[in-house]
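Starting from two chains that each stand alone, build the complex the way the hints lay out.
Quick note, the sequences are listed as chains U and F, same order.
Letter by letter, the first sequence follows residues 1 to 266 of the working numbering.
Letter by letter, the second sequence follows residues 267 to 555 of the working numbering.
The reader is advised that the hints may include incorrect statements.
What the simulated footprint calls covered on chain U by chain F, stretch by stretch (three residues with Cβ under 8 Å from a Cβ of chain F suffice, anywhere in the stretch; the number is not a length) [stated by the list, open to error]:
(1) 49–60
(2) 70–82
(3) 98–110
(4) 141–147
(5) 161–167
(6) 200–212
If you are wondering where the hints come from, they were derived from the structure by calculation, not from laboratory data.
Nothing here was measured: the structure is a model prediction, and the numbers come from that model.
Glycine is no exception: its CB is placed at the ideal position from the N, C-alpha and C atoms.
Each chain, letter by letter, is given below.
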Amino acid sequence: MKKVSWVIPTLYVLFLLLPIYWLISMSFKSTNEILGSFTLWPQKFTLDNYHKIFTDPVWYRGYRNSIIYVLINTVISVTVALPAAYAFSRYRFLGDKHLFFWLLTNRMAPAAVFALPFFQLYSAIKLFDTHIAVALAHCLFNIPLAVWILEGFMSGVPRQLDETAYLDGCGFWRFFNRIFLPTIASGIGVTAFFCFMFSWVELLLAKTLTSVAAKPIAATMTRTASSSGYELGLLAAAGTLTIIPGAVAIWFVRNYIAKGFALGRV
Amino acid sequence: MSDKTQNQKGWLFVLPVVLLVAFNALIPLMAVVNYSVQETFGNNVFFFEGMKWFGQVLHSERFHAALLRQLLFTGIILVIEVPLGVIIALSMPRRGPGVSVCLVLMALPLLIPWNVVGAMWNIFALPDIGMLGKLVNGMGIHYNYTQQPIAAWATLIAMDVWHWTSLVVLLAYAGLRSIPDAYYQAARIDGASSWSVFRYIQLPKMRRVLTIAVLLRFMDSFNIYTEPFVLTGGGPGNSTTLLSIDLVKIALGQFDLGPAAAMSIIYFLIILSLSWLFYTVMTRGEDRG
Numbered sequence: 001m002k003k004v005s006w007v008i009p010t011l012y013v014l015f016l017l018l019p020i021y022w023l024i025s026m027s028f029k030s031t032n033e034i035l036g037s038f039t040l041w042p043q044k045f046t047l048d049n050y051h052k053i054f055t056d057p058v059w060y061r062g063y064r065n066s067i068i069y070v071l072i073n074t075v076i077s078v079t080v081a082l083p084a085a086y087a088f089s090r091y092r093f094l095g096d097k098h099l100f101f102w103l104l105t106n107r108m109a110p111a112a113v114f115a116l117p118f119f120q121l122y123s124a125i126k127l128f129d130t131h132i133a134v135a136l137a138h139c140l141f142n143i144p145l146a147v148w149i150l151e152g153f154m155s156g157v158p159r160q161l162d163e164t165a166y167l168d169g170c171g172f173w174r175f176f177n178r179i180f181l182p183t184i185a186s187g188i189g190v191t192a193f194f195c196f197m198f199s200w201v202e203l204l205l206a207k208t209l210t211s212v213a214a215k216p217i218a219a220t221m222t223r224t225a226s227s228s229g230y231e232l233g234l235l236a237a238a239g240t241l242t243i244i245p246g247a248v249a250i251w252f253v254r255n256y257i258a259k260g261f262a263l264g265r266v
Numbered sequence: 267m268s269d270k271t272q273n274q275k276g277w278l279f280v281l282p283v284v285l286l287v288a289f290n291a292l293i294p295l296m297a298v299v300n301y302s303v304q305e306t307f308g309n310n311v312f313f314f315e316g317m318k319w320f321g322q323v324l325h326s327e328r329f330h331a332a333l334l335r336q337l338l339f340t341g342i343i344l345v346i347e348v349p350l351g352v353i354i355a356l357s358m359p360r361r362g363p364g365v366s367v368c369l370v371l372m373a374l375p376l377l378i379p380w381n382v383v384g385a386m387w388n389i390f391a392l393p394d395i396g397m398l399g400k401l402v403n404g405m406g407i408h409y410n411y412t413q414q415p416i417a418a419w420a421t422l423i424a425m426d427v428w429h430w431t432s433l434v435v436l437l438a439y440a441g442l443r444s445i446p447d448a449y450y451q452a453a454r455i456d457g458a459s460s461w462s463v464f465r466y467i468q469l470p471k472m473r474r475v476l477t478i479a480v481l482l483r484f485m486d487s488f489n490i491y492t493e494p495f496v497l498t499g500g501g502p503g504n505s506t507t508l509l510s511i512d513l514v515k516i517a518l519g520q521f522d523l524g525p526a527a528a529m530s531i532i533y534f535l536i537i538l539s540l541s542w543l544f545y546t547v548m549t550r551g552e553d554r555g
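Just chain F, same shape as in the assembly (with noise of 0.2 Å):
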């Protein structure tokens, strides 16, 4: 950081991406941040309420269930998801003709479109027609997605865990491709356990790109909308109704602007924080390392 120089034309050269996001950025946000303090009865007539609908949605009931719901979902996936995604880079040979070949078959469940991916194990997870329903059920547990809320939630985190840990697993493997040999070689004299290679040399180079990892992975499971939404559909009852599905409920189902805004706002400034609590957590101490 320290050999950059000291040079404002660089406003310049930021001045375009700066215009186009704060067009659909502050622009949105704004009509997001007026909404949040009026009613409206219709006919586009509308009364100031101040604070009234913050109030409101922090106080109900169903926010509490839905953002609890959201943080046990972005916990879990959490757990699962990186370290799975450590064990399989740790695991995958470091050059080889394979590699290529075996980075994009697993680079594959990114590419598609979320609401394919939604679609996909809708129908892969059916109990009747479906490949996974029948091999669940045919291992004499029951299981119907669309019936059980416990189903219905391993279903979901199958879903992401097939789609989202790629990521975790490229991440990890650039981090450790960029060790160089001669790390391994020292530590071989050494005479040093795995466990030791990992501990000391793996998990330092790897610091960066889990933080990364995680803080990509914790905003996307905290914005997650079109897969559970083709999945489930929040169902059954609200079992896997997340913080968005119940937002895009309210604003757009219900049309209540006033505490769809409010909740958008608090839900945003919850993200805000918590990737910003991660950030600094993961990070500490890197200058030293």
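Just chain U, with the same shape it has in the complex (with noise of 0.2 Å):
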């Protein structure tokens, strides 16, 4: 039973990772011999592709800007999720569902249907092309999910921390940012991770806000793609390097991972 347990886990990682490999190992390949044979691994082995990648600042900067609006948008979106959140576990207050669920209807929206007004809009506001009209957009989609986890982590914590510490004669923010936050600091690292990711790997939003000094690294690739030809190398070895953020981001919460997609309510 013990060693029949990891065979289907196993087999399932494979088929996950099959297609990484294939995107690794074209990245050290010319453009070609991608295109003259089918090889499993990479004949000449070659960095010209990474180096282009970090000599070039049409690439570099996509990578630049790209995490400059992740960032702003992490910071944002958890810093005005959490009282928000707390309010949602803690209190009852008029319309508190209606508002909950209204959230949540935000996280549904296409980001398709919001493509052409959200152009017109942070262009009248004169934010166009910038990092942070990407960070605030993106906000459409992540302050509702953050609301939704922090609020299920905070409901984890029994009221009766609460209570103690207002018997104790602490104030609210005192309790709020002294206690409160570090006992939840799981959660709240859980929460940023989600953040990034979903700001990371969202493209049309970012794509429609911007056209040169904020383009994302995803654009970068789309567009050099339909410039110059099908350039695969680099293209495997851009494709390679978006991974990297995420995955560092992931083994910082790896052993939160779980109960954090579980929205802290398990």
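Listed below in structure tokens is the structure:
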């Protein structure tokens, strides 16, 4: 029984890793080799693709832009979601359930619906092609998600903690910052990870709201592909590099990941 | 729910969230509603048209076809991903050194930008230079997803299963891990079969997280745009043109703002009502359990 139990997960992980391996192996090949013949691993191992990305500003600026707006978005989302999630988990107030459902509906909204109006809105307030525009736009789906996850984690903290603190004469903000936030630190970490992740993988809005100065890496990839034919090796190297930030981020929250995906409520 | 204190101060706490989300949601939504009832011939001159676009969209064959494809796609991936995810989660050890690494590896596809996922599978499945394409053709099946609608669909579904099944696995696994060991010991003493352990212990405990999984997978698969757009571009022909792709074609390709806006609103209402339906059906009786 013990040995059999690993078979299915192992097969599944292999299935997941196969396309990723294919991408990584392609990134070490020259475009000629990729187009020329089918090879399982690079025949002539080359770092040219990576060299090009790290030396060409068009490419490395894409990564910088993406990381900037993703970080801004994560900070905004988590900061405003913390008090809101506390209110949802502790207080009853007029229209609270309706408000919570309304927030969630924004998580359901198809990005395609918002692409054009977003472009007009952010052009009108002169924020088009800035990092802050993308960061704000991604709040549309990240804030509801952050509130959802944090509310789940906060509801797992017994209310006695709050009451004891108040009885001891602790003011609200002092309690919130000094006692409550450290208690749900892992929840905050998980939430930040999810905001990071969803902002990182989204492209439609990020692409719509930028042209040059804040163009995300993912958009650089599609535009380069169409302008200079298919430079597959370069594309593969750029794609491989987009996996790294997520892989690094997930390593920090690996022990909470299962609970995090369950939005804090198990 | 009942032990919460009545406190209208809650509104102050949620105010920043409401303002930020409303700014992003309500203003664009107003613009969409505006377009959906007007006609324009350029120069920013608009005429009120009432419900004309709604009628037009609701009766257009093109919309029906896209909606049908969308429902089919969402249906297929839910039927594959949810049971598959549960099976994988059930077969994972409850604890042990490899589990963390296994979970991190499983989460990898979730962290790849969506257009990279599309581009990756686009090349991976090419019949002449891609690994998958070579493999399938090598097995004697004629496979070319750029020309055969069936192959395009199979590739699209394989890509989505690859991309999102892990979400279900992680959710189901979190649910399973919350079951105390005592439950299993009690079941062993009673001589319960593994089916009844699943039916009476594991499934009820996973109910809550599975609700989340189905809801998230439903909403996200209904909104899918980038991956199929990069993979097939809606082709061959229109065979993989899902709702979002069709919408963007109409709005930005043809610049038919009225019909596109009307379609957006119908689209959003469908997602809202179906999500609500799923939610009510799956959480019914939760309080009793």
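Here is what the structure says about each hint:
Requiring three or more residues with a Cβ within less than 8 Å of a Cβ of chain F, the coverage given for the stretch 49–60 of chain U is violated, as only 0 such residues are present. Counting residues of the stretch 70–82 of chain U whose C-beta sits closer than 8 Å to any C-beta of chain F gives 3, which meets the bar of three, so the coverage hint holds. Here's how the stretch 98–110 of chain U fares: 8 of its residues keep a CB closer than 8 Å to some CB of chain F, so the rule of at least three is met and the hint holds. Check result for the stretch 141–147 of chain U against chain F: holds, 3 residues qualifying (beta carbon to beta carbon below 8 Å, three or more required).
Requiring three or more residues with a Cβ within less than 8 Å of a Cβ of chain F, the coverage given for the stretch 161–167 of chain U is violated, as only 0 such residues are present. Remark: the stretch 200–212 of chain U is confirmed as covered by chain F, as 5 of its residues place a Cβ nearer than 8 Å to a Cβ of that chain, reaching the required three.
Checked against the numbered hints above, the structure violates hints 1 and 5; every other hint is satisfied.
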